[in-house]
Amino acid sequence: MLLSEMKVVAPGSLTEALRWLEEHQDRARPLAGATDAMVRVKEGQWRSPIWVEIRRLPELQRMDQADGWVTVGAAVTYGRLLRSELMAQTAPLLAAAARDVGSVQIQAMGTLGGNLGTASPAGDTIPPLFALEAEVGLCSRGGGERWVPVESFFLGPGRTVRRPDELITAVRFAPQAPGERWKWQKLGLRGAQAISMVSLALRLQPGFARVAFGAVGPTVLRARKCEAWLSQAEAFDLATVRSIAQMAWKEVAPISDVRASAAYRQQMACALLERGLREVLAV
Amino acid sequence: MTNQQTWIGKSVHRVDAPAKLKGEPVYMTDRPLENPCFGRVLRSRYPHARILRIDTAKASALPGVICVLTHKDVPGLNGFGIVIPDQPVLCFDKVRMMGDALALVAAETPEIAAAALDLIEVDYEPLPIVDDALAAIMPGSPLVHETGNIHLRTVIRRGEVAQAFAEAAVVVDHVYFTPRQAHMFLETEGGVGQLMPNGELHIWCPAQAAFRDRLQVARLLGWDPERIREYSSPSGGAFGGKDELTVQHYLALLALHTGGRPVKIHLSREESTVAGIKRHPFMVQMRTAAAADGTFLAQEAFVVADTGAYASLGGPVLNLAIEHIGGVYRFPSLNVEGYCVYTNNGISGAFRGFGVPQVLVALESNIDEIARRLGRDPLDLRRQNLIQRGDLSAIGNPMTTGVGNQAVLEALENSPTWKERTAKKAAVTDPWKRRGVGIGLCMQGLGLGKGIPDYGAAVIELLPGGKFKVGISIQEIGTGNQTAYAQFAAEALGCDVADVEVIQGDTGYSADAGTVTATRSVFTGGKAIQITAEKMVALLRSTGAESYAAAYAVARERGLETKVRGSFAWPEADEEIPGAFGLPHHIYGYGAQAALVEVDTLTGEVQVLEVASVVDTGKSINPMGVEGQSEGGVAQGVGLALMEDTVVREGRFLNANMSNYIIPTAGDVPKVETFIVEVHEEKGPSGAKGMGEVPIVPTMPAIFGAIYDAVGVQMFRAPATPERVYMAMMGDPSATEDTPALRARIAEGRRAGLAAQLHQTEGEGYAQPKGPEDEEA
Ligand SMILES: Cc1cc2nc3c(=O)[nH]c(=O)nc-3n(C[C@H](O)[C@H](O)[C@H](O)COP(=O)(O)OP(=O)(O)OC[C@H]3O[C@@H](n4cnc5c(N)ncnc54)[C@H](O)[C@@H]3O)c2cc1C
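Residue numbers (this note's numbering), protein chains in the order written: chain A, 1 to 283; chain B, 1 to 777.
Quick caveat, the hints were computed from the structure, so don't treat them as lab data.
Worth double-checking, as some hints may not be accurate.
To be verified - Once the Cα atoms are required to be at most 20 Å apart in a straight line, the calculated DMTMM-like pairs of lysine to aspartate or glutamate come out as: (1) B:Lys425 / B:Asp391; (2) B:Lys683 / B:Asp391; (3) A:Lys42 / B:Glu271; (4) A:Lys42 / B:Asp118.
Isolated chain B, as found in the complex (with noise of 0.2 Å):
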């Protein structure tokens, strides 16, 4: 890379702003369909029951009825999930959540097809529900899976526990909830099926995951990946929630029962909540040591994950957590145990952060505590704490690439909201408010991790007029790498932005490169269209013309092939961590915040007034589009730790829309400010590295901090709504759940966790998703 460069690093404009700015029907729920008809899914009545039978005569019966289809209709394996497929395309033998599919139908309208459903009788014999993480543990629960309620044990020990917490000047113990969050995308899951004259399957469906997707799909049928054919892009959000199959299951089904009529799923909201992904609410019990100096010694964590009734991404989730137990810190000794277990509470999956922000809000709270009990700043006392370079992260990880954490620490000690703290918190004007200022740091791993097939392919055609065609299978999901990847082409091809259109989630034409997760787009695009675009500079330069429009003509004259693929292999650690599967990452992003909050006093609302976003992207591509990002997750942390939660009781939901499931608006996003650190990454493409989950991380500790700071209470169950806070201020023993009965069962669910016998040996239980078809690596 030369140092002049013409786009890498500019903050250009969105390539897809226009069209959505003018609300064109860019999303595939939105586009006008010819002759469609209508689909719908008959979820679950119950959280958890057998099924005793199924009639659907009446509903097919129905005029206007199409097909009414059933699990004897999958024609293959009835069964999906991204790392094992325990979740059923259409129950059978029992539903274990509210939002299990049961039965499918098309009709001519939606009302029909909504009239069909209550037409299909299903009786169920109800089953106990298991509604709580920590007591599916337990010998004697019942059971949502026969394999067993611990979907995944890992358990990391190093270096002398005991002795450190022996030794140690100061322990800090504590127990902590996070939320059931969820991803609240404007578009809920959708999209249209439709088999075409030429027998091919097609399927337009916002998703994160084309080519995983398709064969997913191909396995249900029972049919060769080839004839279907997925767009799944752009998508109106999806921050994980689309990583797994949403509805492209169903599209395909029906698709096959409608005459090749085009079919169309769209999921109301309260169905989306019902059914879609969610993020895993975690109980941490993380008790930290450190030395009278202030030196950490010795981090010790009991994680509970609730993936609630499939396994979907629980796995990596709950060891993605793990992986950051000890954040962006030294610690010399860790004893952590985690469990992912079955529940009947909806299902849990990816969404941005991956587990990261469950564990971070214990740590960094407990480090301020620590900070308070040793009389030091809580900025300096992270310092004290970094890992640097060449050092083992907490789980023994060497840390051999670009660490960012020193330079994101240093450029929140010189933001405004740090820096100025004092008078900003002065700066409060009713008597009854009070002001704080919070501050936690995060680091991120990038990529799918150790073992874990990870890849980045791209092809890139010649045009006619000189221009490129670019396609690769991530999706454009809002975090405006269509954009990023224009640039990347236009760089490395010499040419203008314009000139670079970059088809995205096709896959009858994008290279696979897998998913848009992990903040893996901008890495793998970015470094698969470097490679490519040298393939195609190498044809330019073989045709001898003087212009790309030129060489066009000259290529076609040739007969030479003017489009080119290209494609590597991420980088990873060399050694993994044994027991705990995909660990260790290689490359990790970093971040830091300070969050400056007003407590009411009165009644316990918490304004959040300004956040410090410090980010370390590597080099960023995009400037304009890295602040964007920014300010998105601050928004998204804002409502994790103030507002979010999926209220489930009994396995049901309590608020299922968007009036009482409640997410920031513009009057609770606070003021952010964004300030890029770039820590250069060898092995990134230009020295990028990717950013776009890192800023939800450090929030809701941030945010914590403040509140302790604003109010001298520390909460401990997220979100932190008015309730808590005012209960919490008051001292009123509902704000208290860390009770000697907690601390009881918490010791016999590790004795029972670790006694547990399990299906799945830990770290090489899971079966691996197959490779993609067309593998060019």
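This is chain A alone, in the form it adopts within the complex (with noise of 0.2 Å):
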């Protein structure tokens, strides 16, 4: 298929968004901030005959809190995230991943909701919200509103379990605690606008860990077994954190491409692990 030959369709509502895709399923495709949709067109891939701009949508807007979830809508973008003081508050690890996104223009441009809809195992608001636990919304104009575990939605590179009439709507999780210490590391080939080669998640609190791996395996990844150890130790010395650390390991399932090889990747989610405790730890 030609550029020429594709449209870009603009609807004023959800509704008539949801209509679009739902009349014309796998041949439509929502269109965000674009950022990885023109990449993707410009290689010859993601050639859909009718894209279904969403970006500007209210519906897809919000960011509040009530009733004890924080609420992102999917169009909201990086910028109106890691500026935002909600997200400061509730969920400063989002907020961080955010701020390592690409560069100013794409952080202007690019969206949760493209994040999850691109659905890359080096997303960088991926891991966050595996740390989160967060839920993401999904609509359609048969079906209504779905709320999906963000660890089920996504089933490997590229794909997610969003049906083709089906919009990302919203992301939704619990706010982090305010005394919690938390961790966002991303290591890439240069100080910005790199692609992870690992990225890290991290939550801490008395008995309570949370550890997210993105670009290490198919999909972002829970290290569980690291988890368990964070929440049963007593003291942290560095012998310890080293050792929990190095579990990290085996948990992760790499692969080697032009950025760097498995057995690099799986070092690294070990050193990224043991650098992210020594810093909030300080030790």
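Both chains are given apart, each in its own frame, so use the hints to dock them into the complex.
In structure tokens form, the structure reads like this:
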């Protein structure tokens, strides 16, 4: 399909957008900030006959807190995320990841929903969402709204449980505790504008730990053994931190590509966990 | 020259800055066109294959296609190349790299042109791939060219090498590998071609050698060069990557078939990466000997440069590298064997530094190790061995022009990065991070070298109102030479910079002053402008007028020619270096750098925190411009040392766009402090010599030295990615490439190389590019 044969429609409401998706199914595709879409289309992939522009839909812009949930609309950009007072208080982990995405330009256009839609194991908002045990909101005209735990949302690289007639509308999660220790770590090949070779989202409270790694498996994954040891540890000296970090080695399953070898990525999962723990625990 | 100078030596704002800052379409690939059509190039599907059949019938039949051309449509010589024309314009018998061109299409829209490419049928018979330059030397290797895989062999032996090694107190011997760095200019290769109503062919294409391009295009068309006009300036970056023909040949062929409509080609980033020139990857085995008191005794090196499928400037790159194998130091004995080798790994050619960064990292790293083994301060050991004016360089060249190595070393010693290194290193914050400081010193031969015609020329025209137009072929590729030329002219003519318009790179107006390469543009252009300006001043005097405006009126009245021309020949060395084409150079630029780095021992990440960059410019024409070049050189050097490499496996490119080909961002470029040292060059214009390439050259060794200083591991392969640094710190076997098996291959390669019967005898095998048609010297 030629570029000039593709059509972009700009519905004015969520209902209208969902109608396009329902009517055209696999022939239509949501378009948010286009920061992934443009790249893929240029490479000859994702040549969808119809693109349904959703970036400006008012229904997808929310950022609020109610009934124990913090909810972030799918069309919220990184720029808004990382400047939001609400995020700074309730999900600083997610805001930190947003700050590390691409560049100012990408942050101005790229959206949370787009990061989930692309479903790259290296997507930078996904480890924080795993660590927050977030839920992904999906909506269709026929089926209405459903909420899927983020861990069950992804099936593999580029594959999710979203049906072609569904839009991602939002994600929601319980806020981070005020005194909680947390860390976002990203290892790329340079200081900015880098695709993650390995990334880590870490949350720590007494008796509670969440550890999620990006770019070291077909999807983002939780390191549950590390979590168990961390939540059971009584004191954190350097030796304990190192031995727990070393366990990450067994929990990840990276591949080799032009950016890094599998062996290095595996080591780096441990290194990022060690570095993250030492930073938050000052050991 | 008087001491009181109005323009020379002043930080004048760049004359081209306002339009560029405002985003005006100053670049030729941005110009709006009337009724254009769009060209595309069909590239190879295999790195090495025989071509059995090319069928363009279906593509030609596609509506909207204007023409489809193959080798049958090349009227003249189907070959090009700066030194030897070994690269087909359009391939006919076989393809030797993924970037090889098989057919050209012009169409009404870019999309139709792309669709037409898909409709061209080519049958290939894949051939074994030559992807390792060392293996390519061995007997029995598949051949990239029938004439053999060794494009050039250069061997220089001097002094009593064996004896020196036998008597040495320290011998350091390592193997280094440097990457296939891509130029990554912002403006990829592109341009416009048009057959004009007067029968001339006009080409608008950012380039570095307008007159030579014109000659190459004329040769492939079988035309008189005078019928071709190339506009080649400005360029959105070049760095050597636009020294060879880029798309001019395609534009020329297509323009003959588009009925006078302009045809535009602009390569995508991916096509640019696959088809364009790269920095030659080098393997350098280097053995350096020193006496117990630190005196350098001998240098021995085996150098293999991967030139890819075609020669381009591979030979001269190898030879310049060899010329600098001993750096700025005295070496009484030398044994160097160098090979420039064909493979199916794309194509390599000119790139800022021109082979010198590739060998300097080996030399300076070896010297650091000698210093450690002798318990010497690395800067002090270097000082002890510096070439003095009148000494012979390592290859035996008497150094008779301004030698700036002492001056740059002293400036480096006084830079805060070096002087306060202990405090800076101690200021590390996290316990898992380590800091280190390293240094590198370099020189860089300027101009084209012994025996290669090298000349400068300019035209100056007096305009109404007493303004001037200066015409010179040397292009503005982003370095700021347009401003420098205006400064030279204003100084010599006694006018304001704003009254000088500089026309560059237009073969229809500008005088042929050769290329914008080899750090020759300030020297060449400055000198040519000064010589030409004298003629203009004489013209003005002859009118007897009080002002230039009045002089113009008088000249017109008397029918005097208001345009003057001048030219000169570059100074060159008295004696050539036997067996080494183009060597030696006569004038050298000097540089020195110190880098402060921080290494994360948990991940292997290296952050360059600051670089002190010293450059000996001779006279600095525009100090602000020098700082810009210095900072840019360091940034590109950081990329070379830590992140950049075009990864080619079995002839195929794995990171052809900028999401995987990593160059430094603002988050990676250190604070650069530039120190200008002015070692007057008598032969240069106002004492200047030029400096554009120099600042990229010492960066890699300085960073490698700093990494060692921080964490105690020597990097032998660039780029030193986090993974490589980490593996080296861990002592992982994968980090050790210098194995007995490699040594055995090197020994075999050296034997095979020396035994090889070469199609071209070294030193004399090159076909000379023809001189300029309108040579006036
Ligand atoms: C230069 C550059 C740097 C980058 N750096 C990073 C980085 O550091 N970290 C990182 O994680 N990513 C990075 N990216 C990738 C990209 O910016 C992010 O994945 C971004 O979040 C995509 O969002 P978008 O709104 O642009 O998505 P789009 O490109 O518009 O869409 C992406 C995909 O998601 C689908 N989609 C979008 N919105 C919805 C929705 N509401 N419901 C259902 N499907 C939807 C689309 O159909 C499409 O398949 C970078 C990209 C570029 C070009």
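Hints breached by this structure: Number 1 - this is the single hint that the structure violates.
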